[in-house]
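Participant: Here is how the chains run, residue by residue.
Number of protein chains: 2
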Amino acid sequence: MKIYGVVMAGGGGTRLWPLSTGKKPKQFLNLSGRETLVNEALDRLSGVAQETFIVTNAAQAQEMFSQTAGRVPQDHILREPAARNTAACIGYAAMTILKKYGDGILCVVPSDPYIRDEEGFRQTLREAAAAAQETDALVTIGIRPTFPSTGYGYIKNTAVEGKAWRRVEEFVEKPDEETAKRYLAEGYAWNSGMFIWRASTILSWFEKLLPDIHAYLERLAESFGTEREEEVLWEIYPKIPKISVDYGIMERADDVLMIPGDFGWSDVGGWDAFDALKERDENGNITVGKTLLLDSRGCTAYSVDRLIAAVGVKDLIIVQAGESVLVCPASQAQRVKEIVETLAEKGEDAYL
Amino acid sequence: MKIYGVVMAGGGGTRLWPLSTGKKPKQFLNLSGRETLVNEALDRLSGVAQETFIVTNAAQAQEMFSQTAGRVPQDHILREPAARNTAACIGYAAMTILKKYGDGILCVVPSDPYIRDEEGFRQTLREAAAAAQETDALVTIGIRPTFPSTGYGYIKNTAVEGKAWRRVEEFVEKPDEETAKRYLAEGYAWNSGMFIWRASTILSWFEKLLPDIHAYLERLAESFGTEREEEVLWEIYPKIPKISVDYGIMERADDVLMIPGDFGWSDVGGWDAFDALKERDENGNITVGKTLLLDSRGCTAYSVDRLIAAVGVKDLIIVQAGESVLVCPASQAQRVKEIVETLAEKGEDAYL
Chain A
1 MKIYGVVMAG GGGTRLWPLS TGKKPKQFLN LSGRETLVNE ALDRLSGVAQ
51 ETFIVTNAAQ AQEMFSQTAG RVPQDHILRE PAARNTAACI GYAAMTILKK
101 YGDGILCVVP SDPYIRDEEG FRQTLREAAA AAQETDALVT IGIRPTFPST
151 GYGYIKNTAV EGKAWRRVEE FVEKPDEETA KRYLAEGYAW NSGMFIWRAS
201 TILSWFEKLL PDIHAYLERL AESFGTEREE EVLWEIYPKI PKISVDYGIM
251 ERADDVLMIP GDFGWSDVGG WDAFDALKER DENGNITVGK TLLLDSRGCT
301 AYSVDRLIAA VGVKDLIIVQ AGESVLVCPA SQAQRVKEIV ETLAEKGEDA
351 YL
Chain B
353 MKIYGVVMAG GGGTRLWPLS TGKKPKQFLN LSGRETLVNE ALDRLSGVAQ
403 ETFIVTNAAQ AQEMFSQTAG RVPQDHILRE PAARNTAACI GYAAMTILKK
453 YGDGILCVVP SDPYIRDEEG FRQTLREAAA AAQETDALVT IGIRPTFPST
503 GYGYIKNTAV EGKAWRRVEE FVEKPDEETA KRYLAEGYAW NSGMFIWRAS
553 TILSWFEKLL PDIHAYLERL AESFGTEREE EVLWEIYPKI PKISVDYGIM
603 ERADDVLMIP GDFGWSDVGG WDAFDALKER DENGNITVGK TLLLDSRGCT
653 AYSVDRLIAA VGVKDLIIVQ AGESVLVCPA SQAQRVKEIV ETLAEKGEDA
703 YL
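Read top to bottom, the protein sequences are chains A and B.
The first sequence runs 1 to 352 under our numbering.
The second sequence runs 353 to 704 under our numbering.
By construction, these hints were calculated from the structure, which means they are not laboratory data.
Hints are not guaranteed to be accurate.
[What the hints assert, rightly or not] Okay, derived cross-link-like pairs now, DSS-like style, lysine-lysine, Cα gap no bigger than 25 Å in a straight line:
1. A:Lys-314 / B:Lys-698
2. A:Lys-346 / B:Lys-642
3. A:Lys-337 / A:Lys-23
Whole structure, please, built from the sequences with the hints as guidance.
Facilitator: So this is what it looks like as structure tokens:
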């Protein structure tokens, strides 16, 4: 059966502000020094998927095409007229592929995780695709936790005798630290947001659990290949209810499997996730670009085109990019979104 | 007797880096939002001094002339071929004025203090000039301390019956905090580095206490008005011993008076001295330029042409200017010079 890659790349990515902005969202950033996040995601899928699709917002589609530089044909860039969360995104991709390209295994991955061991990732993905083909279940990749993170959701799971896959018992929300420690002890995995299933299978779960969304997807499908296709997309898509595929399907379906993954994964959710990308130096600092940190420890300093100079500081994130400079404690990196929200409220679009 | 202003403006001013740099030393900065420090110094003297001179380094003389925009005639900008500390600077100015313009009271002031109450300053200066004229003593202005600063030198002084001036008993070095508190209790004043005396009087003190420097000054004077004047200046000046007028004369002379001053003085010695220039807001922050400080306290954020955004930080100095961003704890503002020194060692002149 054919294997399709589906890269979800619609996010605004405010958590890496000011490096990521509306004009340059996270998926277009080159954080590894090799390639942009979206291109790394595409390159990782090659060798597993025979064809790969990108779902992105319509306004970004042209930029996406040039940024990905021939990695995907233009008609494989699926355009969302509005952001309607992951259920809509995945349903739209599944329906398009099923109707236009034929049924197959979809490997649905976000554009923005960082993955250290690419070959390990591909091996895991192949196992997941094989599991989806063999069982017709919904398959996800569960990451082996390396520390009791309070920033990720967890998956409770149990072994299945004689199989590479495990059975998913429950998806659970981001825990507090105490609970996270218990999860680690009890063998929970991190929820990676990567899903592997047949296009036809996930659509039948939409029909069962999200019938309203499924009805919208059918209306889209009816227009495929007609001269009204574009018009219908712009009319229908913005009406699709906003719900994540986790809430809408994964947590409610009764046939979900998990393939354990251990390939140096991090979702690069914010400035505190840079440990996945770069080693700390002997003072515990991570530096990118032109920096001079004297008597400073535990800092992340990221400079695009200015010098960042600091003396006597501890556990700070300092970022210079574009029109802005960001300073916050390393432990409060997630609060960057408060800055972005405040700037948006004030109409300070020049900085966003 | 004629009153001359003499503004000492030779400093490199690294303590306000990256706002002050080699190309734009502190005296050319506009910190108050009104005028540059040197122009504020000149404007403050007008109404007291009939003529004002500036002593600056030769390389900066042309820039000084255009920056001061007609405030002083070109021949009143005295050029130092090399930085030889304040005794040389003051001796050179005194000798030049005495020989070329005639004896008079010199009001010698640094270019870089901030003074809130300009009229109060002028009134104090007039009292000092009157004291110098009446007594022929060396007169200095002693600032009434507002807190037990460990960053300033102090002047021990006693009242003189029936007079506006007080007698200087002793100049003392920057104290530790315990000692500073005792000084405040005992009525010591801050050493402002402002001196008022006759040109002829200070030169006779040079002859008595710094005869080697006086000999060099005489050699300069012999060349005045000859075609060799320029050549002699460049030959002699760099040989003058480096010593401050405080060490060389003030601490050793036995006829020194002090006029108490209370006009909102601060020497703007570094980023921690900004309290003199701007009120703190309700969160204890001082901000200049485009800034957004969320849930942050006790910070000084100074932005020239970028946005400084911070969340959750305390007691930091954050500066964006030119090619650089500076971050340091407010309590360690004096360590900025370590950054400047390190950059100089590394030959990173683009940032200096």
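Participant: So, for every hint listed, does it hold in this structure?
Facilitator: Each hint, compared with the structure:
no.: 1; hint: A:Lys-314 / B:Lys-698; verdict: 24 Å, holds
no.: 2; hint: A:Lys-346 / B:Lys-642; verdict: 13 Å, holds
no.: 3; hint: A:Lys-337 / A:Lys-23; verdict: 16 Å, holds
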